[in-house]
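**Q** Letter by letter, the chains look like this.
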Amino acid sequence: MNINVVGCGLAGLSAAIKASELGASVSLISPNYSETSQSVMAMGGINAALNTKGENDSIENHYADTINGGCEINNPKAVFKLTNDAPKIIGWLEKLGVSFTRDNDGNVDLRYFGGQKYARTAYAGARTGKQLVTTLTSHCRKKEARGQVKRYVGWRFLSLIIKNHQCLGLIAINENTSEIRAFKGNVILASGGLNKLFGKTSGSVLNDGYATSKAFMQGVTLANLEMIQFHPTTIKTTNKRILITEAARGEGGKLFVNRDGKPWYFMKEWYPEFGELMPRDVVSRGIYKASNAGADEVYLDITHLDEHTIKVKLDEVYNICMKYLNLNPIYEPIPIFPGVHYFMGGIKTDENHKTNIEGLFAAGECSCQYHGANRLGGNSLLGAIHGGCIAAQNAYSTNIDTNESFIRKSLENEQKLFDSWRDGDEKNIVEAENELSDIMNASMGMYRNFDDLDNALQKLNVLKNMKIDSAGNYYDHVKINSLFVLASACIKTAIERKESRGAHQRSDYPETDENYQKTTCINFDGQIKISFEGLDD
Amino acid sequence: MTEITVKIKIDGEFKRFSYDGDLNISVTTLLEKLGGIEYSCSCLQGLCGSCAMVINSQPKLACQTFLSDEIMIHEYKLITIEPLSKFPVINDLKVDKSKLYDDLLECEQWIESDSKMNYDEIDFEYEMSLCLMCGCCVEACPNYDGNDFVGTPIAVSASKLISQETDSNHLKILKKKYKDKFYPHCVKSIACEDVCPMEIQTQRAISKMNKKAVWKLWQLIDRD
Ligand SMILES: Cc1cc2nc3c(=O)[nH]c(=O)nc-3n(C[C@H](O)[C@H](O)[C@H](O)COP(=O)(O)OP(=O)(O)OC[C@H]3O[C@@H](n4cnc5c(N)ncnc54)[C@H](O)[C@@H]3O)c2cc1C
Ligand code: SF4
Ligand code: SF4
Ligand code: FES
Numbered sequence: 000m001n002i003n004v005v006g007c008g009l010a011g012l013s014a015a016i017k018a019s020e021l022g023a024s025v026s027l028i029s030p031n032y033s034e035t036s037q038s039v040m041a042m043g044g045i046n047a048a049l050n051t052k053g054e055n056d057s058i059e060n061h062y063a064d065t066i067n068g069g070c071e072i073n074n075p076k077a078v079f080k081l082t083n084d085a086p087k088i089i090g091w092l093e094k095l096g097v098s099f100t101r102d103n104d105g106n107v108d109l110r111y112f113g114g115q116k117y118a119r120t121a122y123a124g125a126r127t128g129k130q131l132v133t134t135l136t137s138h139c140r141k142k143e144a145r146g147q148v149k150r151y152v153g154w155r156f157l158s159l160i161i162k163n164h165q166c167l168g169l170i171a172i173n174e175n176t177s178e179i180r181a182f183k184g185n186v187i188l189a190s191g192g193l194n195k196l197f198g199k200t201s202g203s204v205l206n207d208g209y210a211t212s213k214a215f216m217q218g219v220t221l222a223n224l225e226m227i228q229f230h231p232t233t234i235k236t237t238n239k240r241i242l243i244t245e246a247a248r249g250e251g252g253k254l255f256v257n258r259d260g261k262p263w264y265f266m267k268e269w270y271p272e273f274g275e276l277m278p279r280d281v282v283s284r285g286i287y288k289a290s291n292a293g294a295d296e297v298y299l300d301i302t303h304l305d306e307h308t309i310k311v312k313l314d315e316v317y318n319i320c321m322k323y324l325n326l327n328p329i330y331e332p333i334p335i336f337p338g339v340h341y342f343m344g345g346i347k348t349d350e351n352h353k354t355n356i357e358g359l360f361a362a363g364e365c366s367c368q369y370h371g372a373n374r375l376g377g378n379s380l381l382g383a384i385h386g387g388c389i390a391a392q393n394a395y396s397t398n399i400d401t402n403e404s405f406i407r408k409s410l411e412n413e414q415k416l417f418d419s420w421r422d423g424d425e426k427n428i429v430e431a432e433n434e435l436s437d438i439m440n441a442s443m444g445m446y447r448n449f450d451d452l453d454n455a456l457q458k459l460n461v462l463k464n465m466k467i468d469s470a471g472n473y474y475d476h477v478k479i480n481s482l483f484v485l486a487s488a489c490i491k492t493a494i495e496r497k498e499s500r501g502a503h504q505r506s507d508y509p510e511t512d513e514n515y516q517k518t519t520c521i522n523f524d525g526q527i528k529i530s531f532e533g534l535d536d
Numbered sequence: 000m001t002e003i004t005v006k007i008k009i010d011g012e013f014k015r016f017s018y019d020g021d022l023n024i025s026v027t028t029l030l031e032k033l034g035g036i037e038y039s040c041s042c043l044q045g046l047c048g049s050c051a052m053v054i055n056s057q058p059k060l061a062c063q064t065f066l067s068d069e070i071m072i073h074e075y076k077l078i079t080i081e082p083l084s085k086f087p088v089i090n091d092l093k094v095d096k097s098k099l100y101d102d103l104l105e106c107e108q109w110i111e112s113d114s115k116m117n118y119d120e121i122d123f124e125y126e127m128s129l130c131l132m133c134g135c136c137v138e139a140c141p142n143y144d145g146n147d148f149v150g151t152p153i154a155v156s157a158s159k160l161i162s163q164e165t166d167s168n169h170l171k172i173l174k175k176k177y178k179d180k181f182y183p184h185c186v187k188s189i190a191c192e193d194v195c196p197m198e199i200q201t202q203r204a205i206s207k208m209n210k211k212a213v214w215k216l217w218q219l220i221d222r223d
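Residue numbers (numbering that gives the first Met the number 0), protein chains in the order written: chain A, 0 to 536; chain B, 0 to 223.
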């Protein structure tokens, strides 16, 4: 059985490892090596109710917090599996050799993260994602050596091969040679978030969202695209907005603005119980309000923490501030503001990571099932690893007839498109990408309203009809044109959800409306179609 | 604002560009502003190693190298940027690092058993797991030429794996690969440690491996 995995971050790596363990022959397709995937950037940690702190934490609590944080539009069956499997996943990672930080009893140490009353976030120093990727990559290498996994580095997904609602494989292009080839067998998309829509986010520039947009245009159902997480604490640098991990607040960091010459700790005042550790959407909105929509500077203060905590447990925060702000957080508070960070929405799957197309699965940040309207910190590393494993199991037990002649024909068609494409001359691609991200940033921010969203759609329509000069790059050419469609779909979901919930806040519909306690489903048949469906339909 | 000259090695020859603007920017931001030059990047914050290149003769991560910190800019209003020289160039500043990965595979850098828990060594194992595979070390190494010598990343990786592995056969392989493919080539010049952007103590890794893989084997051979 062939299984093709697109993307080699934690979701792709886990899928490749699990599928090969089951006996599949895996192709792992990505432009990059795992060491440069966004997963390495995660610092804070990975959630599991290990209950080693004598706090009576439980899987039920983890489940409840996740659903609560997601404002009750998560897929409950999927969250049930996720939270139930979390302790086993940590056990598996320990066995593989992840250097988790330990507490005095030798247990995997746990820290506090937002939206959770209990210490539930396992971590490895200040580089949890990196430590996980190093270990899983090494494990995957063993499979490569045995011929069970073959890496295709330098390759980008171009399109799915779909016949009668079944996925027969995919077509990919080599970035360096422009070779185009077909990969037959089941497909697991693990291609990460839709970062490119917003220009630069806190994450990797490799995650352009193209795979999601193309799959969508080929009939794959997406969900909850309006749910875009703004991380409360990002700093402005000349590279991009860089994230300051939630662990800084978990360790005791406080948020304030200056009022009448004195620091005002608004989160403590507004939410005495959780304070800075409310779910991210709430903290981001708090910052927005306390700063008069960004007019006043907001600070993250860790100066009261001891130097050891800052330099060891939060060494990445220390390094980032010193390197990119020339500011020493031991002595000075850090100026922050919310920035685009995570896409809760994406390719819709059920709890088995199946999409609406048989033989096609999705896992990790490109997919949608666990996080509802707002993801809890520490749940996405968990979701990526869990999702990769579950997708692999289900892909392995799904048999699709191979139709060689159809696959050949699909490849020929793609090759024809490649041979005949021409660059446009109306706008160069850098300008087009900048305009796209300007439109998205202006309309899909923390607070949305109909007028801005409608205006954005109209601007997008103009952009969509332009002939883009992609500087001779075929992948860029197909990418930008399908990102326009994906951007329109995002905006339309934001228009249709006429309520405020989690990351989706409408200033013209400020209340939560029970009628929308549903999944936003987005389909494409030449037109973008939006509907609201039951949570585990 | 100061006007500076930017020399970029493209297809083996230096091309000159000029830049007039804020010097408080990283080299990746500079390349972005100049436009039309191919290079690798992903995280833009020193976490992924993609953007390693030779900047004013030093291998560095471009996204965390600021123009304002470069002495050449202060002294001569000049910056030179070259692709890493120890790897084949794909285009402009983008290089093919697959040799590093092939060597990890060839040297069997994984464990066969469940990982042994070494409470005293967690910090060491953590540090060795930080390797970005950026290639700065092999660029600086006087002996690495992309042929038989596998370079620092193998020593770093193996130094962690040999304390986690309990499968005695594979442990032997890990040691033997190191002994054959790393040890005879390394002259302990420490150049790799000086340039490592993660500040990994590569010499600790090398010493540990020498002690465990070479020294013990010599003893065994003596006994034979
Ligand atoms: C700064 C930062 C800190 C974070 N901290 C935490 C944390 O502490 N805890 C937590 O739980 N989560 C955290 N997250 C979120 C978490 O890191 C990600 O959501 C998670 O790693 C996603 O994993 P993934 O495997 O889905 O995707 P990624 O790791 O993003 O990998 C996607 C892969 O797909 C590839 N790809 C993209 N397009 C294509 C294409 N067309 N063809 C082929 N391949 C393609 C990419 O190159 C890449 O290899 C953080 C994120 C950021 C940015
Ligand atoms: S040892 Fe350091 S310099 Fe060498 S590849 Fe790893 S991170 Fe880069
Ligand atoms: S110590 Fe010197 S010779 Fe040995 S790997 Fe490092 S740079 Fe190369
Ligand atoms: S782009 Fe990741 S280290 Fe520079």
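What the hints contain is simulated information worked out from the structure, not anything from laboratory work. Positions of the beta carbon are idealized from the N, C-alpha and C atoms, including for glycine. Among the hints, erroneous ones may be present.
Said to hold, decoys possible - A few chain B residues facing chain A, derived, Cβ under 8 Å:
(1) Thr-28
(2) Leu-43
(3) Leu-46
(4) Ser-49
(5) Ile-72
(6) Val-88
(7) Ile-89
(8) Trp-109
(9) Gln-200
(10) Gln-202
**Q** For each hint, tell me whether it holds in the structure or not.
**A** Hint check results:
1. For Thr-28 (chain B), the shortest C-beta to C-beta distance to chain A is roughly 5 Å, which falls under 8 Å, so the interface hint holds.
2. Taking 8 Å as the C-beta cut-off, the interface hint given for Leu-43 (chain B) holds, the closest approach to chain A being about 5 Å.
3. A cut of 8 Å between beta carbons decides the hint on Leu-46 (chain B): the least distance to chain A is about 5 Å, and the hint holds.
4. Against a cut-off of 8 Å between C-beta atoms, the interface hint on Ser-49 (chain B) holds, since the closest Cβ of chain A lies about 5 Å away.
5. Contact between Ile-72 (chain B) and chain A, as hinted, is not supported at the beta carbon level, the nearest pair being about 15 Å apart and thus beyond 8 Å.
6. Because the smallest distance between the Cβ of Val-88 (chain B) and any Cβ of chain A comes to about 11 Å, over 8 Å, the interface hint for this residue is violated.
7. For Ile-89 (chain B), the suggested interface contact is upheld, since its CB lies about 5 Å from the closest CB of chain A, less than 8 Å.
8. With a least beta-carbon distance of about 4 Å to chain A, the hint placing Trp-109 (chain B) at the interface is held under the 8 Å criterion.
9. The interface hint given for Gln-200 (chain B) is violated, since its Cβ lies 15 Å from the closest Cβ of chain A, which is over the 8 Å cut-off.
10. A cut of 8 Å between beta carbons decides the hint on Gln-202 (chain B): the least distance to chain A is about 20 Å, and the hint is violated.
In this structure, the earlier hints numbered 5, 6, 9, 10 are contradicted, and the remaining ones agree with it.
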